[in-house]
Amino acid sequence: MSRTGTTRAPFDPAALFKALFLATIAVFVLVPLLATVLGGFKSLGELRVNPFGLPQHWEWQNYADILFSARYWQLLRNSLIISALAVTLTLIVASMAAFAFAHVRFYGSSMLLSYLTLGLLFPAATAVLPLFIKVRDLGLLDTYFGVALPQVAFSLAMSVLLLRRFFKDIPYELLEAALVDGCSYIKFFRYVTLPLSRPILATVGTITFVNSWNAYLLPLVMLNTDALYPWPLGIMVYQGEYSSEWHLILAFITLTILPTVILFLLAQKHIVAGLTAGAVKG
Amino acid sequence: MTVARRIASSPAIGVAEAPFAPIAVRGPRWDGRFTVLILFLPPALLLFTLFVVLPIGEAAWYSAFNWNGFGRPTNWIGLDNYRFVLETRAFWLALRNNGLIIAVSLAIQLPLALALALMLAERFRGAVALRMLFFMPYILAEIATGLIFSFVYDGDYGLVASIWRTFGAEPPHLLASTDTAMLAVLIVIVWKYFGFHMMLFIAALQGLDKSLVEAACIDGATRTQTLRHVVIPLLYPTIRLSVFFAIIGSLQLFDLVMPLTRGGPADSSNTMVSFLYNNGISRMRVGYGSAIGVILFVICVTFAFTYKRWFMRDE
Numbered sequence: 001m002s003r004t005g006t007t008r009a010p011f012d013p014a015a016l017f018k019a020l021f022l023a024t025i026a027v028f029v030l031v032p033l034l035a036t037v038l039g040g041f042k043s044l045g046e047l048r049v050n051p052f053g054l055p056q057h058w059e060w061q062n063y064a065d066i067l068f069s070a071r072y073w074q075l076l077r078n079s080l081i082i083s084a085l086a087v088t089l090t091l092i093v094a095s096m097a098a099f100a101f102a103h104v105r106f107y108g109s110s111m112l113l114s115y116l117t118l119g120l121l122f123p124a125a126t127a128v129l130p131l132f133i134k135v136r137d138l139g140l141l142d143t144y145f146g147v148a149l150p151q152v153a154f155s156l157a158m159s160v161l162l163l164r165r166f167f168k169d170i171p172y173e174l175l176e177a178a179l180v181d182g183c184s185y186i187k188f189f190r191y192v193t194l195p196l197s198r199p200i201l202a203t204v205g206t207i208t209f210v211n212s213w214n215a216y217l218l219p220l221v222m223l224n225t226d227a228l229y230p231w232p233l234g235i236m237v238y239q240g241e242y243s244s245e246w247h248l249i250l251a252f253i254t255l256t257i258l259p260t261v262i263l264f265l266l267a268q269k270h271i272v273a274g275l276t277a278g279a280v281k282g
Numbered sequence: 001m002t003v004a005r006r007i008a009s010s011p012a013i014g015v016a017e018a019p020f021a022p023i024a025v026r027g028p029r030w031d032g033r034f035t036v037l038i039l040f041l042p043p044a045l046l047l048f049t050l051f052v053v054l055p056i057g058e059a060a061w062y063s064a065f066n067w068n069g070f071g072r073p074t075n076w077i078g079l080d081n082y083r084f085v086l087e088t089r090a091f092w093l094a095l096r097n098n099g100l101i102i103a104v105s106l107a108i109q110l111p112l113a114l115a116l117a118l119m120l121a122e123r124f125r126g127a128v129a130l131r132m133l134f135f136m137p138y139i140l141a142e143i144a145t146g147l148i149f150s151f152v153y154d155g156d157y158g159l160v161a162s163i164w165r166t167f168g169a170e171p172p173h174l175l176a177s178t179d180t181a182m183l184a185v186l187i188v189i190v191w192k193y194f195g196f197h198m199m200l201f202i203a204a205l206q207g208l209d210k211s212l213v214e215a216a217c218i219d220g221a222t223r224t225q226t227l228r229h230v231v232i233p234l235l236y237p238t239i240r241l242s243v244f245f246a247i248i249g250s251l252q253l254f255d256l257v258m259p260l261t262r263g264g265p266a267d268s269s270n271t272m273v274s275f276l277y278n279n280g281i282s283r284m285r286v287g288y289g290s291a292i293g294v295i296l297f298v299i300c301v302t303f304a305f306t307y308k309r310w311f312m313r314d315e
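Protein chains in written order, with UniProt numbering: chain A, 1 to 282; chain B, 1 to 315.
Pairwise CB distance ranges, derived in the manner of DEER restraints:
| # | chain 1 | residue 1 | chain 2 | residue 2 | range |
| --- | --- | --- | --- | --- | --- |
| 1 | A | I186 | B | L46 | 16 to 22 Å |
| 2 | B | L212 | A | L20 | 26 to 32 Å |
| 3 | B | T35 | A | D142 | 36 to 42 Å |
| 4 | A | R165 | B | A176 | 47 to 53 Å |
Stretches of chain A that chain B covers, calculated by requiring three or more beta carbons in the stretch to come under 8 Å of a beta carbon on chain B:
| # | region |
| --- | --- |
| 5 | 21 to 31 |
| 6 | 261 to 270 |
Worth flagging that the hints you see were computed from the coordinates, not collected in a lab. Every value quoted in this text rests on a predicted model; they were computed, and no experiment measured them. Every residue, glycine too, gets a C-beta built ideally from N, C-alpha and C.
Could you build the full structure based on these sequences and the hints that come with them?
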């Protein structure tokens, strides 16, 4: 791609324009985020006159009250349980299916695979009413599984496709040699395929986790008890209760997006790879 | 003996056809393959069928009833639910809003993402940090994003209000007016999603064959010419993919709208899914809501197939 020349001109108008453009966009992205974090440190009165700047009085109390409340931790716990269920089940179920599709030739294989990929074509919202009735009839309404199982089902299509593509690249000779040595397919899956596939498992796990952690519609429909709410539902309830006490709401928002931001900084590579490789739902 | 066992067992199994089997080591492989198939496939197929395929079929069935979800559906009304949906003004508003979202994505978001990608695909100090910063909104939950911006737009405490006040003007309540609510939502959509498209383009740019660009340089092409005639054409597959994501994303947009406007005021900022939620789910009108779902399903699938056929034939 374009290389800036070897001699660096101090006043390159193109470079100046570029820097200004990037700075504008950076401000556009950063200001709402910073105002949210800082807003949590202000009193309501100060927020009204000074929403942009640094707080004159750092009100640590706003954050402390939330951090020491059982409510905040309960929301995170619920979200974590649901996401962990979704990630674990997706990884197990999808990698098994992907293994069968990648390494076993059987009649109807491509037909079954296209059947699964139908899931890429439409969002969960289209069938959410019948899904609600199905979950209710299964007795899973108001349980973690009632949210996690449909999430797994809807993430299967993408997960199986990504995993299968990766599994197929594992040299066939490896499987052949293992089988000659008396290793079974299942042992091969457990001791060769899975360990070799850590990067793609991490990617699929990350996509599923982020989708499940951030999900709103499915938990909204499937859960009725406050005690089971994941954080996106909880924060909406919180906002309803403290409708215009923005300093508290902003502190609450900051603390609930904190885990996502930390995870993002820790696992950037997998998140970017995963979400750009497989973000049909986005 | 192994052959005999295979012959004996194959009619009963019926799934695994022999002609595909490689010739070496038959016995253990045969058993292994069968076990894999009966153990590894059913969980995925079962979950997928139960929670994805059946509900779509049932939506089509329920949409022919006037039903509140309790007991069995008995009140058959044929296609009336579809007629009711199509006669609702809010449905057409929602459809128009989805169209607007797509238009803004194509006209503003994608060019912005492409321009940023071209700038940030080069290596310079801070490039990676900027990429991460621009990608950050995409990983935030839509609910959190919506709440952050309902603060930004708030007429009393928000950032917009404060800017208005410095100029001595009466702060507007952007989200509370039918004229501006959808506009405000559109800005948030650009804020949240341009980074995702930018990352798609950066990934594509990094995978480009550098020799083509170098060849253009040697042949004396200017930077603009290289960009227009070499780089952008090489990006067409990614642009098509990006457009696809933008359209599918618009059709399922919901979480972002709820904290901002809940689709209001007066249905002016509903999307298809928030319309479905407000009119079908929150009132448990199963038949009516299913009809909306089926319409959305048909739109998504028709779009996906036509788009794939017309624009993504080679992928």
